[in-house]
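J.: For reference, the chains in residue letters:
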Amino acid sequence: MSNLSILEQLGVAIIAGDKDNLHKAIDSALNEGISLSDIIEQGMSPGMKEVGERFARYEIYLPEMMMAAEAWENAMKILEPKLLESGVERKKVGSVVIGTVKGDIHSIGKNIVGAMLKMNGFEVFDLGVDVAASAFVTKAEEVGADIIAASALMSTTIPQQKSIIEHLQARGTRNKYCVLVGGGSTSQEWADSIGADGYGRTAGDAAILALKAVSK
Amino acid sequence: MISFWTVVERALNGPICTERDFDLDIFVPNLRKVIEKYDIKYDPQNPIPADDDLADRVWEAGKEFLAETGVYCIDTERRILFSLKEIEGALESGPCGRVFGEGKDARIMPKRTPEDSTPPWCSVGPTSSPVSTEIFYVNLVKAHAENPLGDGITIPCLTTVDGQQIMGGSPLGIEGAIRAVLLTREGMRRAGRPGMPIVNGVTTAARAQEHIAAHHFGIRRTDALEIGTIHEMKIDFDSLNKVAFSLAAGNLIFAENGVILGGYAGGPAGVAVVTAAYNPVDLLILRGAVQHPFPTHFDLGITSARDTVWARAVANQAVTRNSSLPVVNVGYSASGPMTKMLFYEHSAWVIASIVSGGSVEVGASARGTALDYTSPVEPLYASEMAHAVAGMSRREANSIVSCLLDKYEALLREPPIGKKYQECCDVVTGKPNKDFLSLYHEVRQEMTDQFGIRFTAASPYI
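First to last, the protein sequences are chains A and B.
Taking this note's numbering, the leading residue of the first sequence gets 1, the next gets one more, and so forth.
Taking this note's numbering, the leading residue of the second sequence gets 217, the next gets one more, and so forth.
Treat the hints as calculated values from the structure; they're not laboratory data.
Please note that a few of the clues may not be correct.
[Stated by the list, open to error] With a straight-line cut-off of 25 Å between C-alpha atoms, the simulated SDA-like cross-links for lysine to any residue are:
#, chain 1, residue 1, chain 2, residue 2
1, B, Lys257, A, Glu64
2, A, Lys82, A, Ser35
3, A, Lys92, A, Gly33
4, B, Lys249, A, Arg57
5, B, Lys623, A, Thr202
6, A, Lys19, B, Cys233
7, A, Lys77, B, Lys556
8, A, Lys216, A, Glu141
9, B, Lys635, B, Asp515
10, B, Lys450, B, Arg236
11, B, Lys623, A, Lys24
12, B, Lys650, B, Glu362
13, B, Lys556, B, Ser675
14, A, Lys212, A, Ala191
15, A, Lys212, B, Asp515
16, B, Lys320, B, Lys650
17, B, Lys249, A, Glu70
18, B, Lys623, A, Tyr58
19, A, Lys19, B, Glu252
20, B, Lys450, A, Ala132
21, A, Lys24, A, Glu80
22, A, Lys49, A, Ser95
23, B, Lys257, A, Ala56
[To be verified] Per label pair, the in silico range of CB-to-CB distance:
#, chain 1, residue 1, chain 2, residue 2, range
24, B, Asp272, A, Thr173, 39 to 47 Å
25, A, Lys82, B, Cys619, 55 to 63 Å
26, B, Asp267, A, Thr173, 57 to 65 Å
27, B, Asp259, A, Ala16, 21 to 29 Å
28, A, Gln188, B, Asp378, 22 to 30 Å
29, B, Lys650, A, Ala16, 58 to 66 Å
30, A, Val93, B, Asp259, 35 to 43 Å
31, B, Pro676, A, Asn175, 39 to 47 Å
Since this is a predicted model, take the numbers as computed values, not measurements.
Using N, Cα and C, we set each Cβ at its ideal position, and we do this for glycine too.
Kindly produce the complete structure, drawing on both the sequences and the hints.
T.: The structure is reproduced here in structure tokens:
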């Protein structure tokens, strides 16, 4: 089997969210002597990119993205210790703490953004729904996040996004993080009024904003 | 039908399951299986299919999917399961002929079927859109209540109390919910329709305690509380608490299900099946008197895109051909007030709903989320459209909606936001300005000239 076809298999397994075949392809790649960085950058990453592009074209939806992201994360559990052993440090795009704010239990928009960020190479720490403002801040400090992304659907829960910024200010760490807000009842006007760093109307917008934030 | 308390017992004792496993290992594969088994395929060329067999396959797929999947209780991390027999039992004992409202404003909720000439139910109002001041709020309710085709009022969402932004779960949430009811009653009184039912009680209330508080300040038994499922096929204690209270208080319930196109349900075929599956869920869990669906596009946040129109049409046909629980559709449009596009968007989803056997709640503009981007004019027009097309064939409707989609769908991503309420209406009299009324008449004429649609002359703006 040629190197190219093994690399293709890695991408295909990512796109299909097929953990078993991805593991097999990784084993084959390692047996063939393909480098760890080529497995990730030439094999799996193009698969993730393709998933993001298909999602943007409405050819696939949230389940396919989540399954691809899970397959990636599963594979990285195998590959990361090997990277450490070999002394190769993999450059991460950035890290994001994401969640739906306190009092709000709507998760789908947040999950779509989380998956989209993963497709774009971010490490994503998903706190779930109904998350206290302080929990966003504490988690961001714990993992050294670049970005805090807060979702809120309802007009009665968006004030909690403002609360996150106030908690950051209270701890004196506002400037350490890029704070992005999104969700049904939010807008650019709202983001500006609370001093957020960005507003994403769609998951695609959120990914672009996040990439821009970490490139600064 | 099994009792609500049996449902609660299952929420507390059903099979344990993580939310991730429910979403990806149960919900998604079960849905894919029934879509394939029943051969349900999206046809973008026909936004309103006229295929009874497809509608019935969607219905069967929905029931089978529900029986195999159940509903996930977020608070207990358990599945609430129903047998096919229990689902059938609920459908056989569904409500019919429920009366909403009081006195001369009382109305019977009609049961409609595809291509039915029975006049539809029309809920009118800002559909929970946020407004900034109490005077706008009262003026809007009054204007909507003056619509002679309005059967029920769907109230706006207050965003502040005495200048303080309302935060759900706080005392401001309680006060906001109470104030919303009192202001709505006042608006309807000013319109001379004091008995008109509120059908989205209480939009400013996010939590059960806020619903209960509002109930003490003017919600009546003939009003409907709006209680929803969570995306997708999920419920939580807060929603179950609202149901428990409503049952004890004797309220009617509008059971809302906004399936996300692009979420766990996937594409249009999945959205149609899940929307159909929610119909018995609305009976069994939410104890609804009405199913209140709004299939929403994940990226655009609206219901007027081609794929969501198709999913709505097919799901309505599936449900109204097979279930006793009536459907009142709600729509969210991309464009804002005083734009031609908003009239087109409302026309498309309203026509799809009506000819597919549903009724309508008209309707939110600017995705229902932009502050003050709401007016009484487009919902009035939409209710007129709903009555005008009752009895129209699905084939004719399909051709009209295809033309309408051609007019606006390229603009959905960057829609014209239009004017705020205070820019297109007189804030003292509450009346739309001259240019706005011209646009309203122009679009009505266009619909008559292009599609032969005849509107009522009962408009307050004629």
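J.: Decide, hint by hint, whether the structure agrees.
T.: Status of the hints after comparison with the structure:
no.	hint	in the structure
1	B:Lys257 <-> A:Glu64	holds, 18 Å
2	A:Lys82 <-> A:Ser35	holds, 11 Å
3	A:Lys92 <-> A:Gly33	holds, 24 Å
4	B:Lys249 <-> A:Arg57	holds, 24 Å
5	B:Lys623 <-> A:Thr202	holds, 23 Å
6	A:Lys19 <-> B:Cys233	holds, 21 Å
7	A:Lys77 <-> B:Lys556	violated, 54 Å
8	A:Lys216 <-> A:Glu141	holds, 20 Å
9	B:Lys635 <-> B:Asp515	holds, 23 Å
10	B:Lys450 <-> B:Arg236	holds, 12 Å
11	B:Lys623 <-> A:Lys24	violated, 50 Å
12	B:Lys650 <-> B:Glu362	holds, 19 Å
13	B:Lys556 <-> B:Ser675	holds, 19 Å
14	A:Lys212 <-> A:Ala191	holds, 17 Å
15	A:Lys212 <-> B:Asp515	holds, 20 Å
16	B:Lys320 <-> B:Lys650	violated, 32 Å
17	B:Lys249 <-> A:Glu70	holds, 22 Å
18	B:Lys623 <-> A:Tyr58	holds, 21 Å
19	A:Lys19 <-> B:Glu252	holds, 23 Å
20	B:Lys450 <-> A:Ala132	holds, 22 Å
21	A:Lys24 <-> A:Glu80	holds, 17 Å
22	A:Lys49 <-> A:Ser95	holds, 18 Å
23	B:Lys257 <-> A:Ala56	holds, 21 Å
24	B:Asp272 <-> A:Thr173: 39 to 47 Å	violated, 58 Å
25	A:Lys82 <-> B:Cys619: 55 to 63 Å	holds, 59 Å
26	B:Asp267 <-> A:Thr173: 57 to 65 Å	holds, 58 Å
27	B:Asp259 <-> A:Ala16: 21 to 29 Å	holds, 26 Å
28	A:Gln188 <-> B:Asp378: 22 to 30 Å	holds, 27 Å
29	B:Lys650 <-> A:Ala16: 58 to 66 Å	holds, 59 Å
30	A:Val93 <-> B:Asp259: 35 to 43 Å	holds, 40 Å
31	B:Pro676 <-> A:Asn175: 39 to 47 Å	violated, 55 Å
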